[in-house]
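S.K.: Given next are the chains, with one letter for each unit.
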Amino acid sequence: MSSSADLNTGVARKSRRSDRRRPRISGLGLALLAPALFLLTLFFFAPVVLTGIFAFTDLSTSTGIGRGQYVVTPNLLRQLGDQGLTEDDATAIASVSITIDEAGIARATEGGVDPDFLSEIADRFAGESFDDPRAFSRELRGLPNAPRRPRELTQTAEYFETSVLNTRFDNPEALTAQLADVAPDVSSDTIAWIVDRSYTGARFTTANFERLATQKETLRLIGNTALYVAATLGLFNVGLGLFLAIVLFYTPKPVTSFYSTLWLLPRITPLVLYAIMWKWFTWEDGFLPIVAEQFGLPSFNYMKGSVVTAWMTMISLNGFIGASFGLILFSGALRAIPMQQLWASEVDGANRWQQVRRIILPQMRWPILFVTSYQTLSLLSSYEQIWLTTNGGPGRTTTVWALEAFTTALSNYTGNLQYGLGAAMALVLVVVGLVLSIIYLRLFKFGELVSRPKIEL
Amino acid sequence: MRLQLQNFTKCFDGTPVIEGLDLTVEDGEMLALLGPSGCGKSTTLFSICGIYRADGGRIMFGDRDVSDLPSQKRNVGVVFQNYALYPHLTVEENIAFPLTVQKPRPSKSEIAREVRAIAELIHIENLLERRPAQLSGGQQQRVALARALVRKPDVLLLDEPLANLDAKLRLEMRSEIRRIQLETGITAILVTHDQVEAMSMCDRVAIMDKGEILQIASPTEMYRNPVNKFVAGFLGNPPITFLEGHTATEGRFAMDQGLFLPLPSRLRDLPAGQRISLGLRPEHFGSTGTAQASGRIVFVEPQGREMLFDVEAAPGVVLRSVQPVRDDVGVGDEVTWGVDVDRMLAFDMDGQTL
Ligand SMILES: Nc1ncnc2c1ncn2[C@@H]1O[C@H](COP(=O)(O)OP(=O)(O)OP(=O)(O)O)[C@@H](O)[C@H]1O
Ligand SMILES: [Mg+2]
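In the order they appear, the protein sequences are chains A and B. Heads up: the first sequence begins at 1209 in the numbering used here, then just goes up one per residue. Heads up: the second sequence begins at 1111 in the numbering used here, then just goes up one per residue.
Quick caveat, the hints were computed from the structure, so don't treat them as lab data. The structure presented is a predicted model; accordingly, all values stated were derived computationally and were not measured. Positions of the beta carbon are idealized from the N, C-alpha and C atoms, including for glycine. Be aware that a few hints might be false.
Per label pair, the in silico range of CB-to-CB distance [unchecked claim]:
(1) A/Thr-1469 with B/Asp-1123: 17 to 27 Å
(2) A/Phe-1652 with B/Ser-1217: 52 to 62 Å
(3) A/Trp-1561 with B/Ser-1217: 42 to 52 Å
(4) B/Ser-1147 with A/Gly-1641: 29 to 39 Å
(5) A/Ser-1468 with B/Pro-1214: 38 to 48 Å
(6) A/Gly-1603 with B/Pro-1214: 49 to 59 Å
(7) A/Pro-1570 with B/Asp-1123: 52 to 62 Å
(8) A/Pro-1570 with B/Leu-1292: 28 to 38 Å
(9) A/Met-1520 with B/Met-1170: 49 to 59 Å
Could you build the full structure based on these sequences and the hints that come with them?
M.R.: Structural data, given as structure tokens:
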């Protein structure tokens, strides 16, 4: 009896447990969640996915974003000539032929040519072809209804001219047929090549990445970016932030709150104002150059006048924004260290410096790591401040990866915006950011193991 | 080393918390600073070790005036209430810390030797590799003690070192700390608001109230002969019972509620009609005594080895008695028990002992 009862309860327990393990998903719940999930996907993943797709295209202003057409332009022929198209083939393709056919008549009628004249042309030359426009004009002049003025005559002749050049085709077959027609001597391989290259729309390609991998500029961009991130982070976001936090930690309270607010200003000032302020600060007749002049120091436009000063300007103006972030975080972490620990270290004989180095800094590991990782990511992808100030100059000496991606894709003087290349550059940033995030997350876990986090974010 | 506070004054934001305090701790003595919360115990302690600067008076370590020295230069060991161990350092590094910040810095082997020696004294040799987070409260307590002692300080200061421990550990650490203090022969001050701790661990007890030291004496002396009503009321658990009234004729004491008790023989000469209060400790009211008091038991609290009785002798007069466990009486019973009249304490209206 009792054993069967045990069995029963055992079964009951087991089934209850399995019930608990399998979460119930109700249709209503899903339906309620759907919009949120949709938005989440849209806002978080769509940009990355689109960037990923664009990165593998040669999308640009000239390709447009829609479907392309097939056009052989004189420009294209010149380009192909550089890439091995023979002179003869090029001439053949560019040649103009004259055919008297329905289409020509229709074009001429539309163009307002005298109908009598036209019907004479149709009767007399229907189906004929001419290679030389001048010979055709001569023939036309012989017709009774031919216009007196030579200009009208030439115009009429032009309606019957056909050329592949600059003609837009919606599909490759039409262009192929036309090319074969116009230039029968050109090999079909060459024609296929020309047709392929004549596509005006965007197409999938890995050329962006090949270009990034091979061009010399890439190395410079990487170098600039690394210098920019490392210097801004090390000197300001972490260095200055930590220094200020520690100094303020040892400073009486009223002073502290004043300075904390002061250091927040760069962060809460609109970026444009902040950029203008820096211009005023560093340009020829700005504050710093004038002060420098008083002291007999070199005085010029520090923001754009020399590579070294441009870098210093760029790093400090970004740094002062980031420093406040570090300051706030570090100050919080410092206050979380129990006062008695600091007293204990003093009683133990540690001077200020030993207290900072041996007691405070080791306990700031976690916030330092956090600021470093968070700010690396945001610095890597930030360009606005640079764009608004040095704009990568002088020359391209302060151009960083994100700025280059931005100008390539969205803002440059030539007007040809290379969305594809820009997207490829952005994608590289995304990948680098992801890799760094993963590394940092690992480090955080490690940090958690060694010491419990002082701050809860 | 002998420690002296002379006319010591400490203010916070202009208001004096301690004014003109004098205190001497003899060489090798362990003194308890006992008092209610907020009376200035920690303030005194922190001023001795230099965390707070004295606003007046002198602090002497032996013949050395340390009043103006920063805490780094005073050579004191402090155990804080929450131990204040450095969480990022191992036990060994924690203990070594005071040595490693010394200038000139002792050699590695010297530091290791010192750490080992102190760890053996305090019985934590097996914990040296751990971090503070991996220690129990009692172990942390020992590490803090080791860290405070490793530099061989002139004075050891303990700020409520046992407050965070459970009852059993507290008992154990009480005797441990005393053992270590005796073994090292160090001059020590123990801050506590636990009278049992103060009385059981220390040579002398200084009782403090509102920034003033009321009495310094050995535990027994202080318990028997408190200088005033506050001290009498503060020491003793269960606490003393105060009876308000005035002297009457024939060496009697008349309570306001109309009850009479004989006055202690030493006070029989007091003129009649003087207002005083008597203090009756629970252990002096029970089966034996030179006088009797009767009443009804209103409350019984068994405490294991002993029992606590509240006896209502008259409306509003409750006498407390501690006796060995007995079950012949219970709540509601009328009892007549002896009062040890000569051991009763008496205070004048200012609270001073008569
Ligand atoms: N930093 C401070 N600023 C202002 N007042 C203070 C400060 N520290 C202590 N006090 C005041 O000084 C008095 C004594 O404080 P102290 O910390 O010495 O008390 P304590 O005897 O140690 O009490 P406890 O047993 O609760 O620790 C208290 O009234 C307290 O409010
Ligand atoms: Mg205290």
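S.K.: Look at each hint and say if it fits the structure.
M.R.: Do the hints match the structure? See the list:
1. For A/Thr-1469 paired with B/Asp-1123, a C-beta distance near 25 Å keeps the hint of 17 to 27 Å intact.
2. For A/Phe-1652 and B/Ser-1217, the hinted distance range of 52 to 62 Å is not satisfied, since their beta carbons lie about 38 Å from each other.
3. Taking 42 to 52 Å as the suggested C-beta distance range, the pair A/Trp-1561 and B/Ser-1217 does not conform, at roughly 22 Å.
4. One distance hint, 29 to 39 Å for the beta-carbon pair B/Ser-1147 and A/Gly-1641, is violated here, with the actual separation near 54 Å.
5. Roughly 40 Å separates the CB atoms of A/Ser-1468 and B/Pro-1214, a value that falls within the hinted 38 to 48 Å.
6. Range check, A/Gly-1603 to B/Pro-1214: about 55 Å between beta-carbon atoms, so the 49 to 59 Å window is met.
7. A beta carbon spacing of about 34 Å between A/Pro-1570 and B/Asp-1123 contradicts the range 52 to 62 Å that was offered as a hint.
8. In this structure the hint that A/Pro-1570 and B/Leu-1292 lie 28 to 38 Å apart at CB holds, the actual value being about 36 Å.
9. In this structure, A/Met-1520 and B/Met-1170 meet the distance hint of 49 to 59 Å, their C-beta atoms being roughly 56 Å apart.
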